[in-house]
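Q: Chain residues, written in single-letter form:
Number of protein chains: 2
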Amino acid sequence: MGSKYVSNSVIKRLPRYYRFLGYLKDAGMVRISSRELADRMGLSASQIRQDLNNFGGFGQQGYGYNIESLYKEIGKILGVDSGFKTILIGAGNLGHTIALQIDYQKRGFDLIGIFDKKESLSGQMINGMPIRSSRDIEDFCKDNGVKVAILCVPYEAAEELVPTLVSSGVIGFWNFSHYNIKEEYPQVAVENVHLNDSLMTLCYQVLHDTNL
Amino acid sequence: MGSKYVSNSVIKRLPRYYRFLGYLKDAGMVRISSRELADRMGLSASQIRQDLNNFGGFGQQGYGYNIESLYKEIGKILGVDSGFKTILIGAGNLGHTIALQIDYQKRGFDLIGIFDKKESLSGQMINGMPIRSSRDIEDFCKDNGVKVAILCVPYEAAEELVPTLVSSGVIGFWNFSHYNIKEEYPQVAVENVHLNDSLMTLCYQVLHDTNL
Numbered sequence: 001m002g003s004k005y006v007s008n009s010v011i012k013r014l015p016r017y018y019r020f021l022g023y024l025k026d027a028g029m030v031r032i033s034s035r036e037l038a039d040r041m042g043l044s045a046s047q048i049r050q051d052l053n054n055f056g057g058f059g060q061q062g063y064g065y066n067i068e069s070l071y072k073e074i075g076k077i078l079g080v081d082s083g084f085k086t087i088l089i090g091a092g093n094l095g096h097t098i099a100l101q102i103d104y105q106k107r108g109f110d111l112i113g114i115f116d117k118k119e120s121l122s123g124q125m126i127n128g129m130p131i132r133s134s135r136d137i138e139d140f141c142k143d144n145g146v147k148v149a150i151l152c153v154p155y156e157a158a159e160e161l162v163p164t165l166v167s168s169g170v171i172g173f174w175n176f177s178h179y180n181i182k183e184e185y186p187q188v189a190v191e192n193v194h195l196n197d198s199l200m201t202l203c204y205q206v207l208h209d210t211n212l
Numbered sequence: 213m214g215s216k217y218v219s220n221s222v223i224k225r226l227p228r229y230y231r232f233l234g235y236l237k238d239a240g241m242v243r244i245s246s247r248e249l250a251d252r253m254g255l256s257a258s259q260i261r262q263d264l265n266n267f268g269g270f271g272q273q274g275y276g277y278n279i280e281s282l283y284k285e286i287g288k289i290l291g292v293d294s295g296f297k298t299i300l301i302g303a304g305n306l307g308h309t310i311a312l313q314i315d316y317q318k319r320g321f322d323l324i325g326i327f328d329k330k331e332s333l334s335g336q337m338i339n340g341m342p343i344r345s346s347r348d349i350e351d352f353c354k355d356n357g358v359k360v361a362i363l364c365v366p367y368e369a370a371e372e373l374v375p376t377l378v379s380s381g382v383i384g385f386w387n388f389s390h391y392n393i394k395e396e397y398p399q400v401a402v403e404n405v406h407l408n409d410s411l412m413t414l415c416y417q418v419l420h421d422t423n424l
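So the sequence lines, in the order shown, correspond to chains A and B.
Taking the numbering used here, the leading residue of the first sequence gets 1, the next gets one more, and so forth.
Taking the numbering used here, the leading residue of the second sequence gets 213, the next gets one more, and so forth.
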């Protein structure tokens, strides 16, 4: 794969298609027209046809999409069966929740280690997995072929950790810190979750954009 | 305010400017050129000049920006002093963390109530605030002029709660559920945090976009 160019905005919508098609599949539906899918997702039918045309011939004029085929194909493109070896660093409140909240296996990841620099946390269990000392991160990554790191640590800790992680083979980051990884390491994959920024954007909208 | 049109992509960048300028201010810096700010933020200098031109004359050719003035002005535009009355619904793992993790006062919000439908949680404390029964949400919103709700609940619960919240005066949602609020209530402000979608986007990138 990887040869066909798909625009970033389409990729950002793929998880949403995948989610919707999953609901429909679980509800026992077999086919759906682009019009109906559009109505349910709040997109236009032509937008949906354009997006899904990126992924081959799953729709037939006047006949709609085969839900299961399309679901599987989008899952394949997203890589939900990749099982990338993944560690989570920072087992405070946020890290603990992020470790518990997500079904990693279904999203293409295999969470195999949780780390914290606080030695007092070492050995405590999260979801049947022990919290390990941050001193062991480098060896653990190399020994286990870790590809992805989830950073639930502050800016300074992220800044300190990322070089080690990259040199130990990590090529993807789910980054909850404000450290700008992509700026320093343009060759790795980064998804940032900036909760504070999201909340401030909401504040702007409530202040300026509501008509209530 | 609210008369001047500012594009969505600029607004999305404002919290980041605010954050950076805050660092610089705390570090004791007084002025900064657009070139230097650009280098630090990983943007182009012309992008920064364009963005900040939306907010009046804070830069002078060859002289740079006054950091404190610009920080304050962007804070004002974002509404960091708004203190919107806010409740959080869903005090499970995620809700608990979201209640604790954020400094709401500094982001324009005043978190005054936490709710969960599980009666067994009622009265338990989070950060000095009692968890209340979801049955009391409507009265609480009306009595306290609640403007914003943080939804840390599943799809079905969000679907059930939103109509009540909107009719009780809520005009903004920080939405961690997959329920599409904006589709049903286009007039309210919504910021979605879709952790699963973010993670799946990362999987796609690791699979297709890394050159390592």
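By construction, these hints were calculated from the structure, which means they are not laboratory data.
Since the model is a prediction, treat every value here as computed from it, not as a measurement.
There's no promise every hint is true.
As the list claims (entries may be wrong) - To give an idea of the chain A side of the interface with chain B (calculated C-beta under 7 Å), a few residues:
id : residue
1  : Ser7
2  : Val10
3  : Pro15
4  : Leu43
5  : Asp81
6  : Glu160
7  : Thr164
8  : Thr201
9  : Cys203
10 : Leu207
11 : Asp209
Claimed, not checked - DSS-like cross-link-like pairs, simulated, lysine-lysine; straight-line CA separation at most 25 Å:
id : chain 1 : residue 1 : chain 2 : residue 2
12 : B       : Lys237    : A       : Lys12
13 : A       : Lys117    : A       : Lys12
14 : A       : Lys85     : A       : Lys118
15 : A       : Lys12     : B       : Lys284
16 : B       : Lys318    : B       : Lys237
17 : A       : Lys182    : B       : Lys224
18 : A       : Lys85     : A       : Lys117
19 : B       : Lys224    : B       : Lys284
20 : A       : Lys85     : A       : Lys72
Don't be surprised by glycine CBs; every beta carbon is placed ideally from N, CA and C.
Q: Compare the structure with each hint and give your call.
A: These are the hints, each one checked on the structure:
1. Ser7: violated, 12 Å
2. Val10: Since the shortest Cβ distance to chain B is 10 Å, the answer is violated.
3. Pro15: At about 4 Å, which falls below the 7 Å cut-off, the nearest Cβ of chain B leaves the hint on Pro15 (chain A) intact, so it holds.
4. Leu43: Since the shortest Cβ distance to chain B is 10 Å, the answer is violated.
5. Asp81: This hint is violated: Asp81 (chain A) lies away from chain B, its Cβ roughly 10 Å from the closest one there, beyond 7 Å.
6. Glu160: This interface hint is violated because 17 Å lies over the 7 Å limit.
7. Thr164: With Cβ-Cβ at 15 Å, over 7 Å, it is violated.
8. Thr201: Holds - the Cβ of Thr201 (chain A) comes within 7 Å of chain B, reaching about 6 Å at its closest.
9. Cys203: holds, 4 Å
10. Leu207: holds, 4 Å
11. Asp209: holds, 6 Å
12. B:Lys237 with A:Lys12: violated, 35 Å
13. A:Lys117 with A:Lys12: violated, 33 Å
14. A:Lys85 with A:Lys118: holds, 23 Å
15. A:Lys12 with B:Lys284: violated, 33 Å
16. B:Lys318 with B:Lys237: holds, 16 Å
17. A:Lys182 with B:Lys224: Judged against 25 Å, a Cα distance of about 18 Å means the pair holds.
18. A:Lys85 with A:Lys117: holds, 21 Å
19. B:Lys224 with B:Lys284: Distance of about 17 Å is within 25 Å: holds.
20. A:Lys85 with A:Lys72: Satisfied, since the Cα-Cα distance of roughly 22 Å is no more than 25 Å.
Hint compliance for this structure: hints 1, 2, 4, 5, 6, 7, 12, 13, 15 are broken, all remaining hints hold.
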